[in-house]
Amino acid sequence: MRLLLDPWPADYEAPISFDAPESRPEVDVTVESGVWEAIPPGEPPADASCCFVDGVRRVEARVLGSLDSGGFVHGLFGSFAAGYVRAAGRKAEFGDIRVARVLVMGNGALEGREFLLGSSTLSFAPCPAVRNTPEDVLAGLQSRMREAEAELAESMAGEGCVFVDGPSYRATSRYPVVGVIKRILNPYLGEPQFSLLGRLRKGGRTPLFGISDTAYNRYSCYLRLSDPRALEHPLAGIVRIETGAAVGLDAAKSLADFAAALLPSFASTSTRDPRAPQNLLPVGALEQEMRRRLGDPLLIRRAIEKELHEQRDR
Amino acid sequence: MSKEIGKVLGTADAQPLDFWIAVPAAEPLQLDDVVLVRRTLSGGHEVTLYGIVDILVARHEGAKLESDVFLATDGVLPLTHAVKAHVSVTRVDPEIFVPPLPGEPVYKAADGDRDKALFFDAMTKPFPLGLSRDGEPVHGNFEFLDGSRGAHVNISGISGVATKTTYATFLLYGIFHSKLLGAAAGNTHALIFNVKGEDLLFLDKPNKALRADQEALYAKLGLQPGAFEDLAIYAPVRRETLEMVPDTGSRTEGVIPFAWTVKQFCEERLLRFLFTEAEDDSSQLGSVVERVEARLARARDDIRGIDGFDGLVEYIQEHLDDWAGSYASGTRSAFERRLLSAAARVAHLIRGHTDDGERNVINWRKAQVTVIDIHNLHDRAKRFVIGVVLKRMFEDKEKAGTSRPLAFVVLDELNKYAPREGWSPIKDVILDMAERGRSLGVILIGAEQTASQIERRVVANSSFRVVGRLDLAEAQQHEYAFLPGPSRARAGILKPGTVIVSQPEIPIPLLVRFPFPSWATRESEARTAAAAGKDPFRKFRS
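Here the protein sequences come in this chain order: A and B. Each residue of the first sequence is one higher than the one before, starting from 12 at the first, in the numbering used here. Each residue of the second sequence is one higher than the one before, starting from 13 at the first, in the numbering used here.
Among the hints, a few may not be true.
To be verified - Result set (EDC-like, lysine to aspartate or glutamate): computed pairs, CA atoms no more than 20 Å apart in a straight line:
| no. | chain 1 | residue 1 | chain 2 | residue 2 |
| --- | --- | --- | --- | --- |
| 1 | B | Lys76 | A | Glu243 |
| 2 | B | Lys15 | A | Glu104 |
| 3 | B | Lys220 | B | Glu210 |
| 4 | A | Lys102 | B | Asp123 |
| 5 | A | Lys102 | B | Glu78 |
| 6 | B | Lys76 | A | Glu298 |
| 7 | B | Lys403 | B | Glu370 |
| 8 | A | Lys102 | B | Asp86 |
| 9 | B | Lys15 | B | Asp146 |
| 10 | B | Lys411 | B | Glu280 |
| 11 | B | Lys137 | B | Asp127 |
| 12 | A | Lys193 | A | Glu243 |
| 13 | B | Lys76 | A | Glu122 |
| 14 | B | Lys220 | B | Glu255 |
| 15 | B | Lys137 | B | Asp123 |
| 16 | B | Lys96 | B | Asp123 |
| 17 | A | Lys102 | A | Glu243 |
| 18 | B | Lys232 | B | Asp123 |
| 19 | B | Lys507 | B | Asp86 |
| 20 | B | Lys220 | B | Glu241 |
| 21 | B | Lys208 | B | Glu535 |
| 22 | B | Lys275 | B | Glu302 |
| 23 | B | Lys275 | B | Glu210 |
| 24 | A | Lys102 | B | Asp80 |
Everything labelled a hint here was simulated from the structure, so no lab data went into it.
Take these sequences, add in the hints, and give me the full structure.
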C-alpha cells in the first residue's frame with residue numbers, strides 16, 4: 012500500500028472523513044452539465060471585489076451553577092466575534108468586527124454577569140441552553156457565533172460576493188453568499204464522480220451538483236486551491252463551496268466561476284498557516300485579529316475569578 | 013492651541029523620562045516635534061510632562077513574515093499600519109517624577125506650551141539660535157553665553173558645507189541685531205578670523221541673492237535681514253612690495269593692510285608666537301625664546317636701525333651665543349632652525365616701518381565687528397597673527413578689569429590652535445580664554461572639524477555645543493556623548509543650514525535650521541542681483 016501525507020498538522024481534526032454520514036441527502040450531479048468533467052478557471056474580473064466573513068469563539072471559564080434544590084447546572088463564560096475582510100482592487104482591509112460575550116447556562120437558566128476589568132465593563136449576556144450537558148452549553152456558544160456570522164454576511168450581501176467560512180451561509184440562503192467548507196466530512200458524490208477531484212488542477216472545479224435534504228436545497232462543487240506536493244494525497248488543497256438553491260442555477264454557476272477564478276489567489280501557504288491552503292489568507296488574518304479583539308484570556312479569566320470570589324460576600 | 017496627536021501606548025514601558033506614544037498613521041508627527049502629556053494624581057495635583065520626539069517607527073501590525081508586505085500590497089492579506097513615536101522628556105512641571113499612563117492623550121505643544129517645554133518661558137535674555145523643523149523660533153539663553161552663568165560656543169562639523177562659519181556669523185548677527193545688548197551694543201565687539209576663502213570679507217554688504225522666503229525666516233526670529241554695518245577688515249600686507257597694500261583677491265576697497273614694526277615685535281615680546289608648533293612641555297626651547305625676547309625688549313637702541321625681519325634674524329643670530337650660551341648647543345640650533353623657517357613665512361609681516369604705525373596695527377575696538385583675513389598666509393604665519401592678536405585682546409580686557417562690554421572671538425580650525433596633544437603659546441591663550449574668558453567677558457565661538465582632536469578643557473568650557481554634519485565615525489567619539497543615539501545618526505546626514513544645538517538648560521539637543529545669510533558671502537552677492545540663486549550651499553542642495 013502506498014502512503015500519502017495529509018498536510019494539516021496532526022493536532023487538527025483530519026480534513027477528510029470517509030465515514031458514512033447519518034443522513035444521505037439526494038444528490039443530482041447533472042444540474043450544470045451532463046458531462047462530468049473538470050471545468051478550468053476563467054480570468055477573474057478586473058474590478059473583482061469580495062468579502063470574507065468569519066467568526067471565532069473562546070471559552071473563558073466553565074462554571075457549575077448550584078441550585079437551591081441541591082443540583083448543578085453546566086455553564087460557561089464565553090466570548091465570540093464575527094468580522095469581515097473586504098478585498099477590492101489591490102487593497103484588503105478589516106471591516107467591522109463585532110465582539111460579544113455570553114454566559115451560557117444549561118437547563119434553560121437565564122444568568123448574566125457584568126463587571127469591571129480596568130476601565131471597561133465586561134458584560135456577559137444571558138444565553139440559555141436547552142439541555143444540561145457540557146456539550147450543549149458549548150454548542151450554545153457556537154450557535155451564537157454562527158448567528159453573528161450569518162447576520163454579518165447578510166448585511167454584506169448587497170456589496171458583491173461574500174465568502175463565509177464554514178456552513179454559516181445556511182441562514183442566508185436567499186443571498187449570493189458562498190460557503191467555503193475546508194474539510195470533506197461528507198463526500199456527497201459516488202466513487203466515479205469523486206475520483207475527478209484527484210485530477211483537478213489549480214483553479215479547476217467540478218461541475219455543480221445539487222444537494223437536497225431535509226434542511227434545505229443547495230448547489231455545490233469541489234474546487235482546487237493549489238496543487239498538492241508529490242508526497243501529499245490528491246485531495247490536499249481542495250475545498251467544497253456551497254450556495255443556497257434559492258439564488259437560482261445561473262447565479263450559482265457564476266458564483267462558482269467567480270470563486271474558482273478568485274480563491275486560489277487567496278490560498279495560504281504552509282509557512283503562513285498550518286491549515287494551508289484551505290484556510291484562506293484573509294481569513295487567517297481575520298481570525299488572528301478577532302482573537303486579539305476578544306481581549307487577553309488571562310486577564311479575563313482573572314476578572315471572572317475575582318467576580319466569582321466577590322459574589323460569596325454578597 | 014496644543015492639539016492631540018496620539019496616546020501613550022501600553023505595549024512598552026512608560027517611564028518618567030521617556031515613553032512611547034501611538035500615533036494615527038495619517039498624523040504628520042515628525043522628529044523634533046515638541047509634545048506634552050498630563051497626569052492627574054490623587055489630591056488634584058496635575059503633572060505635565062514635556063518632551064521631544066526623537067524616534068519614529070512604523071510597522072505592519074499583524075504581519076508574521078517579511079514577505080507579508082507583498083501580500084498586503086496585492087490586496088490579499090489585510091494588515092494595518094501602526095506608527096509609534098518615542099518621546100524624551102525635557103521638563104516635568106511641577107517636578108513630580110511619575111510615568112504618564114497608557115491611554116492618556118498626547119498633545120503637540122504649541123505657543124506657551126512649547127515655550128515651557130523648551131524652557132523658553134524662563135529665559136530672561138533669549139537670543140536666536142535658529143528655527144525648529146516646523147518653523148518655530150528656537151532660543152538660547154544668553155546668560156549662558158555672556159558669562160553670567162556660562163560662556164563660549166563650540167561648533168563641530170565636516171568642512172566644505174559652509175555651515176560652521178556661517179552659523180557662527182549668524183549667531184553674531186542675532187546677538188548684535190536683537191535688542192539683547194541694549195545700549196551696550198555699540199561697545200560690544202567681535203573679532204572674526206577668516207581662515208579659509210574670502211567668504212567673510214563681505215559681511216558689511218547686504219546679500220542681494222536673499223530670497224523673500226528667507227527674509228520671512230529672519231522676521232520670525234525677530235530680526236531684520238541685513239549686514240554687519242560697522243565692520244573693519246584687516247588683511248596682511250602683500251609680500252615683496254614696499255607699499256602697504258592688502259593681499260586680498262576679491263576685495264581691496266576698505267581693507268586695511270596690517271603689519272608689525274620690528275620695534276613693536278621686540279617691545280611687545282611677540283617672538284614666542286613664531287614658535288607655535290605644539291611642543292613637549294619638557295622642551296628647553298621655550299626658555300631660550302623667553303630669554304631672547306627679554307633681550308630684544310631691552311635692546312631698543314640696537315634695533316632702531318634694523319630695517320626688516322631678516323635684519324632682526326641676523327641680529328639675533330649674532331648674539332645668540334652670548335644670550336643663550338648656557339643652553340645645550342642642540343637646543344640653540346633648534347631655536348635657530350625654527351627662527352629661520354619662520355622668517356621665510358612671516359618676514360613680510362614684520363617691517364622696519366609701516367605707513368602709519370597706528371593704522372596698520374590691528375585694533376579690535378575700531379569697529380563693532382573686525383574681520384582679520386589670514387587665509388592667504390602660511391600656517392605658521394596664521395598662528396603668529398592669531399596668537400598676537402588674541403594675546404593683545406586678552407591683555408586689553410584684563411587691563412579694563414571688567415567683563416562688560418563683551419568681546420566675541422570667532423576662530424575656525426581650532427584643532428590647529430588648541431590641539432589635544434602638546435603645548436604651544438596659542439593653545440595657552442585659547443585655553444586661558446576658555447577658562448577665564450567668562451569672567452573677563454571674552455566669548456570664544458570656536459569651530460573645528462573634529463571635537464575629538466581639541467583640547468578637552470576648551471570644549472568642556474563651552475556652554476553651547478553645536479554640531480553640523482559629522483563624519484559618522486567621528487560622531488561615535490566620546491566628545492559627542494551629549495547627543496543621544498538618534499541625533500548622532502542624524503548628524504551624519506544633516507543638510508547645510510541645519511545644526512544640532514545643545515545648551516545647558518535643555519536636556520536634549522535641538523535640531524535647528526538657520527536662515528541663509530542676509531549678508532554677502534562673495535563678491536557676486538554683494539554686487540548684483542543677477543547672481544540670485546547662487547548660494548554657498550548650492551552644491552549640496554538635493
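Checked against the structure, which of the hints given earlier come out wrong? Hints 1, 2, 4, 13, 14, 16, 17, 19 and 23 not satisfied by this model.
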